[in-house]
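J.: From the two separate chains plus the hints, produce the assembled complex.
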Amino acid sequence: MASINYHTREISCKIVYYGPGLSGKTTNLQIIHKKVPKDSKSEMVSLATETDRTLFFDFLPLDLGSIKGFSTKFQLYTVPGQVYYNATRKLVLRGVDGVVFVADSQRDKMPENLESLRNLEENLREYGIELKSTPFVLQYNKRDLPSIFTVDEMNAQINSYGVPCFEAQAHQGVGVFTTLKAIGKIVIDTFNTKYSARQSSRRPDPNPSSQGSIPAVPAAPSLAPMAPAPIPLAPPPPLGGMRMPPPIPRPIPATVATPAFSVPPLQGFNPNAAPAPAPQGFAPPAPQPQGFNPNAAPVPAPQGFAPPTPQPQGFNPNAAPVPAPQGFAPPAPQPQGFSPNAAPVPAPQGFAPPAPQPQGFNPNAAPVPAPQGFAPPVPQPQGFNPNPAPIPAPQGFAPPASPVQSALVSDFGMNLPPPSATSVQPTIATTGFAVPAPASPVAATPGLQSGFFQAPPSSLQAPARKERLDGTMDPKDLDAEIARMEREIMGQPSAPAQKPAGIQTNPNVNPNMDTDPAFSNAFLSPDEIRQFQQSPQDYPTQRLPMNPGNATP
Amino acid sequence: MGNFILYKEDIELLNKVMARLLASASATFVLLVHKDGNLLTHQGFTRAFDTTSLAALAAGSYAATRAIAQLIGESEFTVLFHKGKTDSIHISLVDEDTIMVLVFDDRTNQGLVRLESERASADIRTILEDVRKNEFTDLETSTGSKPQTP
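If you read the protein sequences in the order shown, they are chains A and B. Heads up, our numbering is the position in the first sequence plus 210, with the first residue counted as 1. Heads up, our numbering is the position in the second sequence plus 5, with the first residue counted as 1.
Rather than coming from a laboratory, the hints here were simulated on the basis of the structure. Positions of the beta carbon are idealized from the N, C-alpha and C atoms, including for glycine. Any given hint could be a false lead.
Beta-carbon label-pair distances, calculated as ranges [to be verified]: (1) A:691 - B:100: 54 to 64 Å; (2) A:248 - B:54: 17 to 27 Å; (3) B:117 - A:335: 25 to 35 Å; (4) B:88 - A:360: 54 to 64 Å; (5) B:82 - A:296: 17 to 27 Å; (6) A:355 - B:146: 48 to 58 Å; (7) B:69 - A:355: 31 to 41 Å.
Just chain B, same shape as in the assembly (with noise of 0.2 Å):
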């Protein structure tokens, strides 16, 4: 298992499609997560929440979800939906190492998140792909940009 290494360049990227998802599916916000329980990035209205904790519990709940479908046979669901009175969460899997958590209430509806949320995932699933290539730079020298290769 390597690193999970994110330069400004892929924060900038992963943060421009989730708002893009953020305001085509009316959602509160949305996290990123990796599925260890690291918040990787987020978008939206974090600042009253505890997004870090938010994230872990995610990241708990998902695997937990998991083992519950390899307990039928499955190999994992792929989306986790939680209804609450005005608040929902829905937890979809990005790729193998990452989970989006939305939250969203209900001045939107689940199948717009849903529709949203799968086409935002095609894209971060593809910057995740570059990210995985990052290399590590010196954290002194680095000014937090992707290091330019020959």
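Just chain A, with the same shape it has in the complex (with noise of 0.2 Å):
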């Protein structure tokens, strides 16, 4: 379940690596975490045994960029993949939101992935979710070993719900970025059309023409006549080394198909992708006649995913493999993925990528040429939507805006340190207390800093008791205690003792009650401290008014 947090504007999700024990799902995290740049992750924790085996799980947070103002928040998890882990497995996918399934491309490793995979769903349906409409990519690993299956044969066993599958070697890195991109993308989507959905049904687009349909974009009048279509789930998006499993001899559920239309894929952050074969019978996302990319056109976000119905330009997703219809580029085997804007296709007048691509992570992609014509995206009318500027890279990273700080210090009249880079830590000190930077916590307790407790300035006046509360001895009266006991010890007759005035308690009972005027300021009295916890202001055991609907703190 991802949580969005407006305040320190964050989204957070939950990927889990799922898979048949020694399939590379501790690899995967190691070499993510191996390349990523350092201020986009935290350290990797992983829980295993002695012989490194993943006892517990694996977890890399992880940047990935932000999506309008809010920065995601990526939360790698491996299970562990022996079989008899079976209950750290399931604690392990609560809450997710995205499962990569790493599967061992051995000849006889196919039952143990057979095995995971149908343990992967029992788990998931015990928090009743279900694989297909869960977020999901395929990873088809160790694909440098001999005896391998082809991946047509491994998509025949173990690809039934038609998820975009990815050939690598973690090891190596190769596959390990394009997989975590694909499934990143697909969390963000889903997300994307879970909230744009809501958000259209909560709060009804004025202009009934552009509800649910693709809002006109000017350079692209051909996009205009886009079939309207309400839809349930996100379709998995074409992108970088991505091979789509052909279509007519596997059953494909409705819910899962071949995308309708592409969205901008992201620029490959992988050094060591794989290149990105042209696979047969992939369906080129949406036709266009006029022989653009569609892949670089700003094409809106799908409102959730187009049910196979009639396309104007007579694009059916479930069809048998269409021919790639006159002028529409099909991706070219690129060795950094499938990047759009490297694509050789001249871009047509006006057209351009919706937001600048970011470079992510491969530090050898080539510098994107700026297009001629830039046309801004159309701002969209259903909220979130991710593609107009696909999960930029974690150099793009902004740390949370400013207003939150100022937000803060208003709200507490408190000078707060400047922001952090990656986040806002409001301290103690921004809640009211008058606790600045409570050192030792023994000294942070209100009562002590809010000055009832305090003697008054009498007090320091007041002749000093010989013996403190507890009976020992006050070290400003050493000297005159030992001049007593040495006059004892000669016999003299020590100097009558002075006797406290008013009654005589024992102050550590009660010492509200002593009356020495030395101390009778010192403590609060029974009334103040009664009318102390009728009043507003904090006090360690009045408990706070709650009125979270309404309230103005």
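T.: Below, the structure is given as structure tokens:
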């Protein structure tokens, strides 16, 4: 379950790498951890046995850039693959937003793959999640080994949902980032679809013509007649290195199908990404009649996914492999993933990628030439749409905006330290307590700082008592005491003891009853305590009046 | 399962309750963690610590303990306590989706921490009930504050 924090402007998603034992899940995370820039990752936590087998889970928090000013925090988890760790696997799957199934391509490992996949479905079902409605990609790992199944054979056996699948050699880092990009994109797309639908149902668009349809892009008149279609599920978008299974031999559920149109894929951020072969049967997304590359077009996000309704362009995602229409540039094999900007297709006039493509993780990526006639993307009527700004790479990560800080400052009247690079960390001092920076928690007790418990200045001039409340000697009187003892030893009569004035009570039991003028002001009287408890000020034992709905802090 | 949507007002309320808890229990820092492992908010001296990993591990630890509880016929344990030489961790259940992780040292005692965290949990629970009713607003136009509902 993703969580959105509007205050710190963060979106957190949980992605779980699942698969049989020794298929390379932890290796995937290790490679990601190794290659991602330092400012977008934290330390990787690995709960492993002495032989480096995952015992509980591996955990890697990752920043994948920002969407509309919100930073995306992906939390990557792996599960222990061994069969007998199922209880642990189930725990890790709680609240999952996307699943990567890492399958072992070796011929003798197929039964384990199938067993693990079945186990994944069972475990998800216990949380009330269906695998086919969850963002899910497959990674066929260990492609460098001999005696492996071909991709088609693998697809035939374990890709019954027709989800995107990727070849990988996780140990060398090949295909690792392609997989991560794909699942990240699908998770964000699902998120987008879910919330655009929810938002549009809550606040209907005043302009019904744009409701549920593609907003007409001025520079692309051919997109306007696209059939409006309200949609249940985000399509798995075609991405670099992705192989869609051929649609004919396997039954593909209606909810998961080839996307009707594409979104701008991310720039490759894996230096070792496998070349993206254009597989047979790869249905070109949204064939456009004018010879422009659909992936480079600022096509707005699919508001969900079009069921196989007849498109004006005659493109049916479930149909048999459609020959690429005239003028459509099929994604050519490229060394660094399927990149629209690098494709040698001449961009049509006035067309441009919707947002500057972040260079991402790929240090080798060629600089994207600024397109001519850049047309800014049309504002989306339906809110959260990552497609005009695909997940930027961590280099583009912007820290939470300063308004967050200033709001804090204004609300609490406190001067916060300058915002840290990655997060807002209001200290305890922001909450109205007069505790600027409690070095010691004991000293931080608000009552001690609030002035009520402090002796008034008059007590300072009062004669010092000889004994402390607990009977120990006040060091100030040590000299006098030594003199008194000396006199006693010498047989001289000691000076008569000073009898404290007032009623003799044990001050340790109830200090408020001590009528000694030196101490009577040092503590609150019962009346004062009562008054203080009734006052709206902060008091350690007073409960906070709760009215969260209308609370104005 | 719906998503967890937190606005500025929610975070401020939660932070206020948690800061009060910190002061009254004399703890070092406190984290509010979703059982999925997401860190919702935190208060106290967290700068020196990797709170994200701490949250994920605490959630994992809690989940594992829950599995143990089920083995002995309990649905779940509401309090988890890890004692260290100087620093200790008190993990308590706030509601069905949320746990609170309180880190304290030997300058306070476990009884006080436990008492105060129970008090604070009641307040946090009230706030989180309200958080569950939060609805999504457009990220781009959002100011971070809860949208005004007519």
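J.: Would you mind marking each hint as holding or not holding in the structure?
T.: Consistency of the hints with the structure:
1. At about 59 Å, the beta-carbon gap between residue 691 of chain A and residue 100 of chain B stays in the expected band of 54 to 64 Å.
2. Distance hint check for residue 248 of chain A and residue 54 of chain B: the Cβ-Cβ separation is about 18 Å, which falls inside the suggested range of 17 to 27 Å.
3. The supplied range of 25 to 35 Å is broken by residue 117 of chain B and residue 335 of chain A, whose beta-carbon atoms lie about 44 Å from each other.
4. The hinted range of 54 to 64 Å is satisfied by residue 88 of chain B and residue 360 of chain A, whose Cβ atoms lie roughly 56 Å apart.
5. Between residue 82 of chain B and residue 296 of chain A the beta carbon distance is about 21 Å. The supplied range of 17 to 27 Å therefore holds.
6. Taking 48 to 58 Å as the suggested C-beta distance range, the pair residue 355 of chain A and residue 146 of chain B conforms, at roughly 51 Å.
7. Between residue 69 of chain B and residue 355 of chain A the Cβ separation comes to about 35 Å, which falls inside the hinted range of 31 to 41 Å.
Hint violations for this structure: number 3 only, all remaining hints satisfied.
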